[in-house]
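**Q** In case you want the letters, here they are:
There are 4 protein chains.
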Amino acid sequence: MPSQFSMTRRVAFSETDLAGIVHFANFYRYMEDAEHAFYRSLGFSVHPVESKIGWPRVKASCDFRLPLRFEEEFEVELLIEEVRSKAVRYRFHIWKTAPRALAAVGEMVVVCVNLSAGKMHAIAIPDSWKAHLQPASADMLETLK
Amino acid sequence: MPSQFSMTRRVAFSETDLAGIVHFANFYRYMEDAEHAFYRSLGFSVHPVESKIGWPRVKASCDFRLPLRFEEEFEVELLIEEVRSKAVRYRFHIWKTAPRALAAVGEMVVVCVNLSAGKMHAIAIPDSWKAHLQPASADMLETLK
Amino acid sequence: MPSQFSMTRRVAFSETDLAGIVHFANFYRYMEDAEHAFYRSLGFSVHPVESKIGWPRVKASCDFRLPLRFEEEFEVELLIEEVRSKAVRYRFHIWKTAPRALAAVGEMVVVCVNLSAGKMHAIAIPDSWKAHLQPASADMLETLK
Amino acid sequence: MPSQFSMTRRVAFSETDLAGIVHFANFYRYMEDAEHAFYRSLGFSVHPVESKIGWPRVKASCDFRLPLRFEEEFEVELLIEEVRSKAVRYRFHIWKTAPRALAAVGEMVVVCVNLSAGKMHAIAIPDSWKAHLQPASADMLETLK
Numbered sequence: 364m365p366s367q368f369s370m371t372r373r374v375a376f377s378e379t380d381l382a383g384i385v386h387f388a389n390f391y392r393y394m395e396d397a398e399h400a401f402y403r404s405l406g407f408s409v410h411p412v413e414s415k416i417g418w419p420r421v422k423a424s425c426d427f428r429l430p431l432r433f434e435e436e437f438e439v440e441l442l443i444e445e446v447r448s449k450a451v452r453y454r455f456h457i458w459k460t461a462p463r464a465l466a467a468v469g470e471m472v473v474v475c476v477n478l479s480a481g482k483m484h485a486i487a488i489p490d491s492w493k494a495h496l497q498p499a500s501a502d503m504l505e506t507l508k
Numbered sequence: 364m365p366s367q368f369s370m371t372r373r374v375a376f377s378e379t380d381l382a383g384i385v386h387f388a389n390f391y392r393y394m395e396d397a398e399h400a401f402y403r404s405l406g407f408s409v410h411p412v413e414s415k416i417g418w419p420r421v422k423a424s425c426d427f428r429l430p431l432r433f434e435e436e437f438e439v440e441l442l443i444e445e446v447r448s449k450a451v452r453y454r455f456h457i458w459k460t461a462p463r464a465l466a467a468v469g470e471m472v473v474v475c476v477n478l479s480a481g482k483m484h485a486i487a488i489p490d491s492w493k494a495h496l497q498p499a500s501a502d503m504l505e506t507l508k
Numbered sequence: 364m365p366s367q368f369s370m371t372r373r374v375a376f377s378e379t380d381l382a383g384i385v386h387f388a389n390f391y392r393y394m395e396d397a398e399h400a401f402y403r404s405l406g407f408s409v410h411p412v413e414s415k416i417g418w419p420r421v422k423a424s425c426d427f428r429l430p431l432r433f434e435e436e437f438e439v440e441l442l443i444e445e446v447r448s449k450a451v452r453y454r455f456h457i458w459k460t461a462p463r464a465l466a467a468v469g470e471m472v473v474v475c476v477n478l479s480a481g482k483m484h485a486i487a488i489p490d491s492w493k494a495h496l497q498p499a500s501a502d503m504l505e506t507l508k
Numbered sequence: 364m365p366s367q368f369s370m371t372r373r374v375a376f377s378e379t380d381l382a383g384i385v386h387f388a389n390f391y392r393y394m395e396d397a398e399h400a401f402y403r404s405l406g407f408s409v410h411p412v413e414s415k416i417g418w419p420r421v422k423a424s425c426d427f428r429l430p431l432r433f434e435e436e437f438e439v440e441l442l443i444e445e446v447r448s449k450a451v452r453y454r455f456h457i458w459k460t461a462p463r464a465l466a467a468v469g470e471m472v473v474v475c476v477n478l479s480a481g482k483m484h485a486i487a488i489p490d491s492w493k494a495h496l497q498p499a500s501a502d503m504l505e506t507l508k
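Here the protein sequences line up with chains P, Z, R and C, keeping their order.
All residue numbers for the first sequence refer to the numbering used here, where the first residue is 364 and numbers rise by one.
All residue numbers for the second sequence refer to the numbering used here, where the first residue is 364 and numbers rise by one.
All residue numbers for the third sequence refer to the numbering used here, where the first residue is 364 and numbers rise by one.
All residue numbers for the fourth sequence refer to the numbering used here, where the first residue is 364 and numbers rise by one.
If you're looking for bench data, these hints aren't it; they were derived computationally from the structure.
Given the structure is predicted, the values throughout are model-derived calculations rather than measurements.
Be careful, since some hints might not be right.
Identical copies carry no separate label here, and so any pair may be met within one copy or between two of them.
List of simulated lysine to aspartate or glutamate pairs, DMTMM-like, C-alpha gap at most 25 Å [to be verified]:
1. Lys-415 with Glu-435
2. Lys-482 with Glu-505
3. Lys-482 with Glu-436
4. Lys-422 with Asp-396
5. Lys-482 with Asp-426
6. Lys-415 with Glu-440
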């Protein structure tokens, strides 16, 4: 079954800018927060010091469809788009919850790295993690592209 | 002549994360800061209240090549990739300055909107701005893609 | 009965710095988030545009006792320290939740202002708000000073 | 001669909030940036990993007098208020530059810690640093309190 995760929260005052909407750079933080909450929901920590495994981002993009405003509730939906031996591509849909409307569509590619030797070098994603990374169907991914 | 602008600054402590490098979401702020400095260098303000013109982002992406570290100096180079009637696509190259190395390549599409009516609606880019938005050559853009 | 409110959340990755702990400037955002959640719990919005009332900060301070780390859960407890005609002084205790330990003690003074005229000018706190701002006892406030 | 340092920069768009002014939590980042630039001007790095010395904040406060707005230029002036064996108390004055007006007055107490053993423990400030930390006169400090 495809992996799927969603996190709901509310826009904080400090996340808005003088245009009265969430500053666009914060959408990337929302996506990362959902990714981390997804791993915590599986019992994994993404703390790079404790796990000796890091997930640096190699690419992140976002299409902004509708602005989010202060105090507005939104949902960040995470899907797995592709799993490669050392990398994962996520898809994120950010929804306004009331009324439900698509605010943004994002993608992020992260690489699995070993951190124990001081420097980062890419490694194969551990099987224990990989088992939980089931790509969504093409249908699920296409609908909102 | 193609428009070109560059801004040099240093990584602030608060921009790093526990992995010891600049948190990736800050690269999008660096790109926006360079865009705004570019317009200031032309004598334009991008203040949405005073100019009644806003430039919301509709898409932003970034490829991360090398991490930036605390106190490191970097240059954000802005090029114009494409000018449409109501939108501009920028290219950004973020360089470590010593030794010079490409840290990130970004793109951002912004739309010109009128803000005077309370709601945003897309308008044609004013000619006074457009005159300063000269796309870079395909060569300049391809080199680093 | 003294007003009291508390909000529990988890440290986000982007809130840490290269020392591996929450960057100190984020504690002020945590305090403001708790203040806003407190007002929402009472049915009030603190949206300055919609309510025509703003609450600019005139002073904020924080004593840092213990660092907060990535993924750690913490509680922000809000107490009312003093209510003046046009201003409120809050006290905040930020607790690590497991094991419970005091991470920070903060204070914030906010002033009630009218925003309808373009410029801010201080006004008396509306009675409908004031009724909910009951100062904590000296005992509650002294314990942790 | 009393130590004195000042840094001038401009408000970034992402530092504003929906009230149209710099979000208050950013003033603490401005103060820290000035502190770090002060040490760099002396030839010291405050990078905690390379220097094995860290300067965690134990207290930070700020009085907000006038709002800073997008694109506005401001100066952060750093003075030494007190030097103790293991701690330094800074005073910061944040000035709008045109026309010159005091926007904020801050204080910050930082403790010198050794980081080599994994855990932080307070140590005496190295003499090479201390030589550069000359407190301002009572007059300079009182004027703007």
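**Q** At most 25 Å between CA atoms: does that hold for Lys-415 and Glu-440 within a copy, between copies, both, or neither?
**A** neither (27 Å within a copy, 34 Å between copies)
**Q** Given identical chains, is Lys-482 near Asp-426, meaning Cα to Cα at most 25 Å, within a copy, between copies, both, or neither?
**A** Between. Shortest inter-copy distance 20 Å satisfies the 25 Å Cα cut-off; intra-copy 33 Å does not.
**Q** Using 25 Å as the alpha-carbon threshold, which applies to Lys-482 and Glu-505: within, between, both, or neither?
**A** Neither: 37 Å inside a chain and 30 Å across chains, both beyond 25 Å.
**Q** What label fits Lys-415 with Glu-435 when the C-alpha limit is 25 Å: within, between, both, or neither?
**A** between (37 Å within a copy, 18 Å between copies)
**Q** Using 25 Å as the alpha-carbon threshold, which applies to Lys-422 and Asp-396: within, between, both, or neither?
**A** both (16 Å within a copy, 20 Å between copies)
**Q** With identical chains treated as interchangeable, where does the CA-CA distance between Lys-482 and Glu-436 reach 25 Å or less: within a copy, between copies, both, or neither?
**A** between (39 Å within a copy, 21 Å between copies)
In this structure, the earlier hints numbered 2 and 6 are contradicted, and the remaining ones agree with it.
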